[in-house]
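So the protein lines, in turn, are chains U and E.
For the first sequence, my numbering gives the first residue as 62, with consecutive numbering after it.
For the second sequence, my numbering gives the first residue as 62, with consecutive numbering after it.
To be clear, the hints were calculated from the coordinates, so they are not data collected in a lab.
Predicted model only: the values in this text are computed from it and were never measured.
The C-beta atom is built at its ideal place from N, Cα and C for all residues, glycine as well.
Fair warning: there could be bad hints in the mix.
[Claimed, not checked] A few chain E residues that face chain U, going by a derived Cβ cut-off under 8 Å, partial list only:
| hint | residue |
| --- | --- |
| 1 | 136 |
| 2 | 141 |
| 3 | 258 |
| 4 | 260 |
| 5 | 262 |
| 6 | 314 |
| 7 | 336 |
| 8 | 339 |
| 9 | 341 |
| 10 | 344 |
| 11 | 364 |
Protein chains: 2
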Amino acid sequence: MENVSLVELVSNKQIIFRDYITGFPKETDMVSRTGTIRLKVPAKEGSSSSNSVLVKNLYLSCDPYMRLRMKKVDDPYVPAFTPGSPISGYGVAKVLDSGHPDFNEGDYVWGFTGWEQYSLIDNPQTCLMMNKPETLLIKIKHTTDIPLSYYTGILGMPGMTAYAGFYEISSPKKGEYVFVSAASGAVGQLVGQFAKLMGCYVVGSVGSNQKVDLLKNKFGFDDAFNYKEEHDWVAALKRYFPEGIDIYFENVGGKMLDAVLPNMRPHGRIAASGLISQYNLEKPEGFHNLFLLITKRIQMEGFVAPDYYHLYPKFLEMMKQYITDGKIVYVEDTVEGLENAPAALVGLFTGRNVGKQVVVVARE
Amino acid sequence: MENVSLVELVSNKQIIFRDYITGFPKETDMVSRTGTIRLKVPAKEGSSSSNSVLVKNLYLSCDPYMRLRMKKVDDPYVPAFTPGSPISGYGVAKVLDSGHPDFNEGDYVWGFTGWEQYSLIDNPQTCLMMNKPETLLIKIKHTTDIPLSYYTGILGMPGMTAYAGFYEISSPKKGEYVFVSAASGAVGQLVGQFAKLMGCYVVGSVGSNQKVDLLKNKFGFDDAFNYKEEHDWVAALKRYFPEGIDIYFENVGGKMLDAVLPNMRPHGRIAASGLISQYNLEKPEGFHNLFLLITKRIQMEGFVAPDYYHLYPKFLEMMKQYITDGKIVYVEDTVEGLENAPAALVGLFTGRNVGKQVVVVARE
Numbered sequence: 062m063e064n065v066s067l068v069e070l071v072s073n074k075q076i077i078f079r080d081y082i083t084g085f086p087k088e089t090d091m092v093s094r095t096g097t098i099r100l101k102v103p104a105k106e107g108s109s110s111s112n113s114v115l116v117k118n119l120y121l122s123c124d125p126y127m128r129l130r131m132k133k134v135d136d137p138y139v140p141a142f143t144p145g146s147p148i149s150g151y152g153v154a155k156v157l158d159s160g161h162p163d164f165n166e167g168d169y170v171w172g173f174t175g176w177e178q179y180s181l182i183d184n185p186q187t188c189l190m191m192n193k194p195e196t197l198l199i200k201i202k203h204t205t206d207i208p209l210s211y212y213t214g215i216l217g218m219p220g221m222t223a224y225a226g227f228y229e230i231s232s233p234k235k236g237e238y239v240f241v242s243a244a245s246g247a248v249g250q251l252v253g254q255f256a257k258l259m260g261c262y263v264v265g266s267v268g269s270n271q272k273v274d275l276l277k278n279k280f281g282f283d284d285a286f287n288y289k290e291e292h293d294w295v296a297a298l299k300r301y302f303p304e305g306i307d308i309y310f311e312n313v314g315g316k317m318l319d320a321v322l323p324n325m326r327p328h329g330r331i332a333a334s335g336l337i338s339q340y341n342l343e344k345p346e347g348f349h350n351l352f353l354l355i356t357k358r359i360q361m362e363g364f365v366a367p368d369y370y371h372l373y374p375k376f377l378e379m380m381k382q383y384i385t386d387g388k389i390v391y392v393e394d395t396v397e398g399l400e401n402a403p404a405a406l407v408g409l410f411t412g413r414n415v416g417k418q419v420v421v422v423a424r425e
Numbered sequence: 062m063e064n065v066s067l068v069e070l071v072s073n074k075q076i077i078f079r080d081y082i083t084g085f086p087k088e089t090d091m092v093s094r095t096g097t098i099r100l101k102v103p104a105k106e107g108s109s110s111s112n113s114v115l116v117k118n119l120y121l122s123c124d125p126y127m128r129l130r131m132k133k134v135d136d137p138y139v140p141a142f143t144p145g146s147p148i149s150g151y152g153v154a155k156v157l158d159s160g161h162p163d164f165n166e167g168d169y170v171w172g173f174t175g176w177e178q179y180s181l182i183d184n185p186q187t188c189l190m191m192n193k194p195e196t197l198l199i200k201i202k203h204t205t206d207i208p209l210s211y212y213t214g215i216l217g218m219p220g221m222t223a224y225a226g227f228y229e230i231s232s233p234k235k236g237e238y239v240f241v242s243a244a245s246g247a248v249g250q251l252v253g254q255f256a257k258l259m260g261c262y263v264v265g266s267v268g269s270n271q272k273v274d275l276l277k278n279k280f281g282f283d284d285a286f287n288y289k290e291e292h293d294w295v296a297a298l299k300r301y302f303p304e305g306i307d308i309y310f311e312n313v314g315g316k317m318l319d320a321v322l323p324n325m326r327p328h329g330r331i332a333a334s335g336l337i338s339q340y341n342l343e344k345p346e347g348f349h350n351l352f353l354l355i356t357k358r359i360q361m362e363g364f365v366a367p368d369y370y371h372l373y374p375k376f377l378e379m380m381k382q383y384i385t386d387g388k389i390v391y392v393e394d395t396v397e398g399l400e401n402a403p404a405a406l407v408g409l410f411t412g413r414n415v416g417k418q419v420v421v422v423a424r425e
């Protein structure tokens, strides 16, 4: 390794998290700043090697859970952002220099990185049996038939969320009735397609007629509705599921869950993956139909994808095959340029994105 | 079978359900009436046999779920009482006459009967794989070392509720931390003792200091607290469970569940058996900490005992052994006389009872 101090400083555009917020996030909660960085891993003092990796960020992922990191809470499962530092999150990057034995210059990786052009990632964790998912970095076996950006979605954390929640949590059976909320998002679109591959009947709820169309004509959902145009969700679900719902894949929370419960069939399952409708509220909406959990004997389980990352190799092989065979389709909403990342993230909470929201920092 | 019309009519005191109610039940929601009954099963017209059983009621069970039957709701899982007819519920009875092949005069039975001195039970269901639990009638193999009244509690539906909820739903492991609400009731006292037999650490919440004492000194709970004397339940649970809770056996609902969630350990389990704090409310209290279900990966499952009645023979054998070996103790709160049944039922909702609430109609 060369002496890092001899390596030239280059400029490094960053998206800085300003401070903890309440309510809906705004673009102005983040600010662009240009710093400098040397594109080499610094040598450890008193040691000849370092475990760090220096990467060029290519694709950044906008995920609903990131709103939770904008709040100062003492939750070890969702560590808060640091005011004054770059936003961090899942992304795809290219290794420019590595002090880590598992990575070499030129490798493509997915995992946790910063919202900036270049990131120095200290001590990334490469083991899939992890207890600190926010340090994960996985080498990508890149092939030209799969876009690299897919590792922020269908082949990354959202893909694993859909996979674990449907196959591991929901105990699906052929012919069952499946309801997915936020169904055109990164997770929802996959859950619906997994359900169809399993031989289930699947209906999704989304926030626009364009997305209804997408579900029915692109992802192959049996039916879909725009929740903004339905005033009585209990009645709407009754219409779409006259026989009731066996599996609810919960991405939104709040009143939708209360509307689902009266429509659940006995021994139904609810996989709770996210509650996007609740993340901007100071006090979450109450859920009132808990008693139906008992009389209908419902199993409701919360889960997070990293608990299932040990299944990632199996998942990846399956998904690549599905993608190349055209059995699963995938819609991304890409925004060009790091400077547009704040708007992209904020847009998740108004449903502006159609499909998985990705920010392109660089393509190579 | 004799000609029924030749059999003398005897008087039959009954507790009649007046009409559907809102709010807390009152004694005056039920009224005593004396009718008449012939103590013989009537012959079926045009047929020589009948499937009915004529019983003398001995012990009646007061159970929290009965409040739900006082509301006119279209829920097939909890059928409403019929205004003008006797209250119905679990009880222990003696067969006086039988047209059913499974029962003979002199048999003791437990299952669904009426709140009256004598009941004619039409077409009781004797199969434990049932879909209509409200017609269940099971023959008791009576031995003098086990009180017959136990079949309304520890050896009946509440016992099966504790058994199924703890062993089948909660996946308990030795050394885990277990919290039980309504812990001195018919179900709670057994869950706590099952947990101790499994080698768990168990704490219960109850509504009086007398019950705290009962939990600690009679049932062997590791600790117990009076929820009425604690103003911050989140803090109280943190004190009793500094390491967190692995299993919550939910009998009360409402704010207690919201206080439990922040104290749950990752991958904890919640067995939802009942929500007694909510049954008298027109709109149940909201449950707000749903998101913690996700970040802590909690499994919450509602269940009802009848789904597990196929395990009853195994359960019964185990429990009888535990009782005769003194490994499990059991506290009943018995009220003498059918006329006192309304007060006993109403008292469940103010926590007046200490232990399982039983009404003695007759002892033989």
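Need the list of violated hint numbers for this structure, in ascending order. 2, 3, 4, 5 and 9
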